[in-house]
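Asks: If you're matching positions, the sequence shown starts at 193 in this note's numbering and goes up one per residue.
Fair warning: there could be bad hints in the mix.
Derived pair list, reagent style SDA-like, types lysine to any residue, alpha-carbon separation capped at 20 Å [stated by the list, open to error]:
#1 K241 with G317
#2 K515 with G445
#3 K201 with D620
#4 K201 with G406
#5 K485 with L471
#6 K485 with G440
#7 K515 with G585
#8 K320 with A626
#9 K201 with S398
#10 K355 with A626
#11 K485 with R549
#12 K355 with G317
#13 K355 with K515
#14 K201 with L471
None of these hints come from the bench; they were simulated from the model.
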Amino acid sequence: MNLELLTPKEMAEADRLAIANGPFDGIGLMRNAGAAVAAVVLERFPSRKRVHVLAGPGNNGGDGYVVARNLHESGVAVSLWSAGTPRDGSDAAIAAAECPVPRRSLADFDAGADDLIVDALYGAGLSKPLADDAARAASLVAAGRLPVIAVDLPSGVSGESGKVQGNAFQAAVTVTFACRKPGHLLLPGRELCGEVVVADIGIAASVIDSLAVGTFENQPALWRQAFPSPDVDTHKYRRGHVGVFSGGPTSTGAARLSALAAARSGAGAVTVLAPGSALAVNAMHLTSIMLRKVDDVAELAALLGEGRSSAFVLGPGFGPGEKARDFALAVLAAGGRVGEPGAEGLVLDADGITAFREAPQWLFEAAARAGAPTLVLTPHEGEFSRLFPDIAGNDDLSKLGKARAAARRANGVVIYKGADTVIAAPDDRAAINANGVPWLATAGSGDVLAGIVAGLIAQRMPAFEAACSGVWLHAEAGRSFGPGLIAEDLPTALLPALAELYGS
193 MNLELLTPKE MAEADRLAIA NGPFDGIGLM RNAGAAVAAV VLERFPSRKR VHVLAGPGNN
253 GGDGYVVARN LHESGVAVSL WSAGTPRDGS DAAIAAAECP VPRRSLADFD AGADDLIVDA
313 LYGAGLSKPL ADDAARAASL VAAGRLPVIA VDLPSGVSGE SGKVQGNAFQ AAVTVTFACR
373 KPGHLLLPGR ELCGEVVVAD IGIAASVIDS LAVGTFENQP ALWRQAFPSP DVDTHKYRRG
433 HVGVFSGGPT STGAARLSAL AAARSGAGAV TVLAPGSALA VNAMHLTSIM LRKVDDVAEL
493 AALLGEGRSS AFVLGPGFGP GEKARDFALA VLAAGGRVGE PGAEGLVLDA DGITAFREAP
553 QWLFEAAARA GAPTLVLTPH EGEFSRLFPD IAGNDDLSKL GKARAAARRA NGVVIYKGAD
613 TVIAAPDDRA AINANGVPWL ATAGSGDVLA GIVAGLIAQR MPAFEAACSG VWLHAEAGRS
673 FGPGLIAEDL PTALLPALAE LYGS
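Assemble the whole structure, with the sequences as input and the hints as a guide.
Replies: As structure tokens, then:
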């Protein structure tokens with residue numbers, strides 16, 4: 193399975209390169225695409241009384257003409273509704289000329305209760321609301337609850353952002369070509385795509401490779417080779433040491449959730465770093481997790497000077513004030529020494545993010561310093577807006593674009609959380625996660641995610657890969673546990689996913 197996600201512009205370039213390299217010309221690729229969609233229609237919906245193909249004026253419509261011809265030749269009752277005439281000499285015009293099914297105007301579209309719709313109107317490239325006839329057709333189809341097979345992407349959904357402007361089709365199955373698009377995974381587009389089938393239409397893997405695509409679906413194949421695997425002769429400190437900062441005596445639970453998650457993700461040692469007032473409360477709840485008093489920057493400096501902890505979590509339950517800023521900046525000033533353990537990563541979550549809302553440049557400048565530990569930010573939408581208000585308010589950017597812009601500005605990895613979590617690195621690599629489940633929307637879930645990521649960084653996993661794997665593992669734990677999940681369940685729920693990774 194291709195993990196690359198192609199924007200509409202990148203897909204157009206892939207088509208161009210594929211045509212230039214052969215063996216298929218443009219109409220050859222179009223015939224392959226239409227045949228792939230027709231095969232899905234015949235396989236999934238063999239008993240539908242009639243198939244209505246809605247064809248636009250561009251290449252998506254050209255695919256639709258091929259679908260209609262293939263279904264007609266297979267003995268299926270087909271109606272063809274046109275939303276415009278293909279440009280003379282185009283591949284779509286050739287496909288239209290080859291199609292024996294009579295064309296009718298989309299303005300007159302109607303369908304029966306037992307019919308099937310093939311949406312070949314506009315696909316991934318549309319960046320404006322559906323025209324009146326198309327919007328009316330989408331409304332009629334929705335009102336009749338008719339099943340839809342979308343060609344490339346449901347018309348009305350942006351392939352770039354997943355956004356919907358106005359109306360859009362709801363597909364039962366979406367057939368796309370060569371690779372998925374960001375709009376297949378970003379909300380709300382993902383909910384409108386139904387099952388996504390990626391069809392091979394003759395675009396070689398070498399063509400996709402030549403595009404140097406930087407956006408991926410977050411799957412284990414993306415980061416599996418970097419995932420830590422301990423040697424037989426390893427010991428706990430070679431597996432990394434995570435320090436998790438605790439809040440005061442009434443705010444200690446979040447840090448313990450992070451600490452347990454860091455341990456479950458494979459860190460050899462984990463220490464909760466607590467103010468003196470919270471030592472007794474934490475001690476009553478900790479067993480394999482160690483505990484150390486850290487009340488101020490001087491005590492933190494002494495800890496950092498020992499070079500034991502290789503990754504830190506700051507923010508869960510900590511409080512968003514000056515102390516959080518001072519501690520974060522102190523960790524970012526403590527890079528590892530060559531050949532020795534040292535601070536390699538800081539995962540900043542919750543209060544740790546909010547602490548910098550008035551002076552985010554202090555954080556970003558500290559993260560940019562040569563030798564600084566890698567910064568990983570884990571904001572949900574509200575926290576993202578506090579740290580990056582201008583980026584959050586830019587409606588021209590997709591969630592993917594916002595995460596990328598934030599990662600570049602922050603000089604760190606950004607995990608922009610949500611049902612369609614986006615992980616972005618400052619070098620513009622990005623991944624969209626798709627295995628999230630609603631059971632993860634529970635208090636403390638984000639604290640667990642921060643601990644998983646820190647535990648992987650402590651084991652010398654590169655920060656972007658650690659963030660991607662942490663997000664995937666976190667979601668997989670939620671999926672495997674299911675309804676009734678609370679944050680305390682998540683560290684244990686990681687075990688099946690970890691066992692599968694190590695087993696593979």
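Asks: Which hint numbers does the structure go against, in order from smallest to largest?
Replies: Numbers 1, 7, 8, 11, 13, 14, in rising order.
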